[in-house]
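**Q** What follows is each chain in one-letter form.
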Amino acid sequence: MIILEGVTKTYQRAQGGGEVQALGRISTSIKGGEFVALVGPSGCGKSTLLYIVGGFVPKSSGRILVNDAPVTGPGPDRGPVFQEFALFPWRTVLGNILFGLREQKVPKPEAQSRAQRLIEMVHLKGFEHLYPKELSGGMKQRVAIARTLAYDPAILLMDEPFGALDAQTRTMLQDELLAIWERDTKTVLFVTHAVDEAVYLADRVLVMTAAPGRIKADLAINLPRPRRRDELLRDANYQNYVIEIGHMLDRPAAA
Amino acid sequence: MARFGENLPKALAPIAVTAGLLALWQGAALVARSSYLPPMTEILPITVSLVGSGEIFPDLLSSLARLAAGFGIGLVAGIPIGLISGRNRAVEEFIMPLLGAFYPVPKAALMPIVMLWFGAGDLSKVLIIILTVSLPLIYHAQQGARAVDEKLIWSAQAMGCSSLRRLLIVILPASLPEILIGARVAIVIGVIVTITSEMIVRQSGLGNYLFTALDMGQYAMTYAVILIIAVLGFLLDWLFEIMRRRLTLWAPDRQGIEIAVTS
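Chains as they are written, first to last, in our numbering: chain Z, 1 to 255; chain L, 1001 to 1263.
A couple of the hints might just be wrong.
Here are the simulated DSS-like cross-link-like pairs (lysine-lysine), alpha carbons at most 27 Å apart as the crow flies [to be verified]:
(1) Z:Lys125 x Z:Lys186
(2) Z:Lys125 x Z:Lys105
(3) L:Lys1151 x Z:Lys186
(4) Z:Lys105 x L:Lys1151
(5) L:Lys1151 x Z:Lys125
(6) Z:Lys133 x L:Lys1151
(7) Z:Lys31 x Z:Lys186
(8) Z:Lys125 x Z:Lys108
(9) Z:Lys216 x Z:Lys31
(10) Z:Lys216 x Z:Lys108
(11) Z:Lys186 x Z:Lys105
Hint data in this document are derived by calculation from the structure and do not stem from the laboratory.
Quantities reported herein were computed from a predicted structural model and do not represent experimental measurements.
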């Protein structure tokens, strides 16, 4: 359960002083096991909000509670997945996945078997001993997802995770993520600027305004699960959600 | 248009250049007929016998020992200082002006003062070597640490990796390619300053051997020692480069790494 109460973020401008407000009073709550997508125009602060929940970036004011405890910094209950993959380039696929397990002091035999299971789950069998630079973008993101799932965070914080991938890989990974989520019932906060992706994946879509970002709409996506792409694409409800949210984003901030 | 040497295998080019220079030297020496410029046919046999008889080994080893001590201590001191200053603004603001002021000073020029404080012996020489090799190590470690992707650090933080551990298992390996570039510079200028310090405080080492030969008017011998020093520097750099490539096979390729040498 994530609760945000009046969370704001103000940056100090690098030169010449002055402040820039990136986020203006964000309040919402996310239930355990919920899949929430955060969409908004670029520069609206949606990633910043995700980083604040992760504890990577401090908030300027307001309150954030994760399972009733205030967020003071990063923790293994909130696992990030970044658009840039952020793999440790000096470690192999296996080494990356084992990294968090070692930090969490998981006994070696268990860490090994957990890593092997994850490698199979993200279809990287046979690639364990390759370095990140030898992998394609899609494979890198699979490793990053496996690395985060390895230490079993209750909450996944995904920052445009499929934004750097080609369309085909992107749909494949979306389906794999849904399969993982449907089985593991994790809470997911998913930042994206792709409206169709948000509607396809999420239980709820939060639409943000341009900077300073505020939540402009909070829509429940009532589409059946498990979701099947070909059925959804023909579903009028799906199409309406995509069109409706698309319109919200098109409208200029002043209107 | 076909350029000269284009068809030569790449590996042959340096050998050809070296052979050309040696031949040029030989020709000049034969024309000049001066004892100050002995011909290669005289220098090379002396070089071979210095190494072959093992006569040069005690001095070679004492130079190498000083270099190794200075380089080792420089690594152990310089890398942590560089990494921390690359990640911590306060430390950086303290270190950078010192580094900037100190970098252009030829470290051998400090030798008299160091000798005054620490005596005319190995301690002073090694200190000067440490001072020399630390600077590029600190500088490159700092550059490397500063450039570490924030999201690598965040990823480690989320796994519960403490800040001291992060320095060791995230910042250090992530900065390794840059650190090793600094280390390569450090080795090359380390050789320079080792020899220089032995010329200033003449007790043992290749620098001392060189000046002894000069003092005794053994000019061919002097050139032979210079040749040995040059080959030593070349070999150390070559060996280090092999090791550097091994250690950074994982790193995305970088092209055109420039090595700037100052001392």
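**Q** For each hint, tell me whether it holds in the structure or not.
**A** Okay, the hints, checked on the actual structure:
1. A distance of roughly 24 Å separates the Cα atoms of Z:Lys125 and Z:Lys186; the hinted pair therefore holds under the 27 Å criterion.
2. For the given pair, Z:Lys125 sits about 24 Å from Z:Lys105 by alpha-carbon distance, which is consistent with the 27 Å threshold.
3. With a CA separation close to 22 Å, the supplied pair L:Lys1151 and Z:Lys186 stays within the 27 Å bound.
4. For the given pair, Z:Lys105 sits about 22 Å from L:Lys1151 by alpha-carbon distance, which is consistent with the 27 Å threshold.
5. Distance restraint check for L:Lys1151 and Z:Lys125: the Cα-Cα separation of roughly 26 Å lies within the 27 Å cut-off, and the hinted pair is therefore satisfied.
6. Straight-line distance between C-alpha atoms of Z:Lys133 and L:Lys1151 comes to about 17 Å, which keeps the hinted pair within the 27 Å bound.
7. Under the criterion of a C-alpha separation no larger than 27 Å, the hint pairing Z:Lys31 with Z:Lys186 is consistent with the structure, at around 10 Å.
8. Taking the CA atoms of Z:Lys125 and Z:Lys108, the gap is near 20 Å; set against the 27 Å cutoff, the hint holds.
9. Between the alpha carbons of Z:Lys216 and Z:Lys31 the distance comes to roughly 19 Å, so the proposed pair stays at or under 27 Å and holds.
10. Under the criterion of a C-alpha separation no larger than 27 Å, the hint pairing Z:Lys216 with Z:Lys108 is inconsistent with the structure, at around 47 Å.
11. The hinted pair formed by Z:Lys186 and Z:Lys105 meets the criterion: a straight-line CA distance of about 22 Å does not exceed 27 Å.
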